[in-house]
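My numbering puts the sequence shown at residues 886 to 1320.
To be clear, the hints were calculated from the coordinates, so they are not data collected in a lab.
It is possible that some hints are incorrect.
Label pairs and their calculated CB-CB ranges [unchecked claim]:
(1) Thr1019 / Asp1221: 44 to 52 Å
(2) Thr1240 / Ala1025: 37 to 45 Å
(3) Arg1197 / Val1063: 20 to 28 Å
(4) Gly1220 / Leu1296: 35 to 43 Å
(5) Val1063 / Leu1105: 38 to 46 Å
(6) Leu1079 / Arg918: 31 to 39 Å
(7) Leu1211 / Asn1015: 42 to 50 Å
(8) Val1285 / Val1307: 26 to 34 Å
(9) Leu984 / Asp1221: 43 to 51 Å
(10) Thr1008 / Gly1220: 38 to 46 Å
(11) Thr1019 / Leu1043: 48 to 56 Å
Virtual Cβ for every residue (Gly too), placed ideally from N, Cα, C.
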Amino acid sequence: MGEPDTGGTPARDTTGTGTRTETETAPANRSYREVLRNRRVAALLTGDLLSHVGTGMIIVAMPVQTLDIHGSVPPAIAISVVETAPFVLSTVLALGMGLGRLRVPPRVLLLADCLLRSAVFVTLAVLSVNGDLTLPVLVAGLLFGSVFRLVGSSARRLLATSMVGEEDLFAVNGLLGVNSNFALYVVGPAVGGLAVVAWGPGAVLLFDAIGSLLLSAVVLLWVPGQPPEERRTEEDDTQSGWRILRRRPQTARLFAVVFFFNFFYMPVEIALPLLVRGPLDSNGAGLGALWGAFGVGALLGAVVTNYTRRVREHTLLIAIIALWALCPLALAISGDLAVAVLVFALGGLVWAPFTPVVFSFVQSALRPDEQQPVVTLWVAGSTLAAPLGLAAGGPLIEYVGTRGGLALSGLLTLLLVPLAGVGLLASKRKDAAGA
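Sequences and hints are given; from them, build the entire structure.
Okay, here's the thing in C-alpha cells:
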C-alpha cells in the first residue's frame, strides 16, 4: 500500500494474475454523510449500533454472572466454558457455509440470529433475576442461542452493502466498523458495568435481548426482502476457498499467523475479570472501565490506521503483533486499576489496525474472483481460534494463576514475532523474485 489515497478504490485486475492495472478504475468513494442519506442504510446502521451496545454490555455482565453461579467449578474454568459456548455451533455453521454450496439470503440469516438470540436471552434474564439460573443452563443457552451469530454478523455487512452502489461500499464498511468499536468497546462495557452494579447481570441479559429485537424490527421494516444479486463470478461456484488458499503460500502463512495471534489472545479475556476482582480489588464497574478504555484506544487506532498506508503491510503486521504482546505482559505486573486501564487503552490502540491491515494484505495477493471464497473461509477458520483459545485458557489460568496466564499470553505472542517475520518476509521476497 505504498501509494497515497487518491479518493478512489483500487483498480480491478484485468490480467488474471492477481496484479492490478490502471486500465479500469472504480467510482470515487462517497462520504459517510452522503451514504447516511439513504434512509434504509441509516436505519440498518442504527439497529446495528443498538444491538452492538447490548452485546458490549454482555462483555462485562457475563463474567460477573458466571462468577455468581459457578458453584464448585473453578472460576477460571467456568468463565472459559461460558466464553467458549457461543462460538461452538456458530463456528461449525459458518465453516459449513464457507466450505459448501449452501446459500441462504442474508436477511433470513440475520432475522434468525436476532429472534433466536432475543428469545434465549429473555429466558436467561428471567432465570437470573429469579435466582434460578445455573451454570449448565447458562452454557446451554449460549451454545444454542448463538448458533446463527457468525453468519448473522456477516449478513449485516452483506445487507448493508447490497443496498448501495459500488461508490458507497467503503463508507458503509467504515460505518460498520465505527459502530462495532464504539458500541462493543466504549459505550457497551461502560453502561454494562454500571447496570451490573445497579441491577445485576440478569438485567443486562435482558438489554441484550432488547437490542436484538430492535435490530430485527429494523430489518423487517426497512431492509428489502430480496436484496440485489451479489457480485459474483463463475469461479465463485467452482473453486473452494481451501483450494485457492493452498495455491497461495503467502496467504496460507498469514492465515497461520492470524490464527495463533487470536489463539494466544484468548486467555486475556478469561484472566481480565479475575484480575479485576482479585489483584485490582474492583468490581463490574472496574471491568467496564477496562473494556471502555480498550474501546477508546480502538477508536483512536481505527483513525490512525488511515495514516499507515505508506508502511508495508507485512512490516506493519509484525509491529502490531510485537506491540500487542507487551499489553498482557504489562497487565500481568499492574497493581492498580488506573494503570491497567491505561495499558488496555494502549492495547486497543495497537489492536485496532490489525484486522483491516490483514484483509488488505490478503486481498492484495488474490484475484477478484478468488476473494469471496477465500475471505469467507478465512473468517470462519480464524474464528476457530476463539473457542480453542478460550477452552485452553481456562485450565492454563487455573494452573499458573491470573498474572501467570497474562504473562504467558504475552510471551507466546512475542514468540510469534520471529515466526511471522520469517514466514511473511520470506514469502514476500519469493513473490517479488517470481514476479
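task: Quick one: which hint numbers does this structure break? Sort them smallest to largest.
output: 1, 2, 4, 5 and 11
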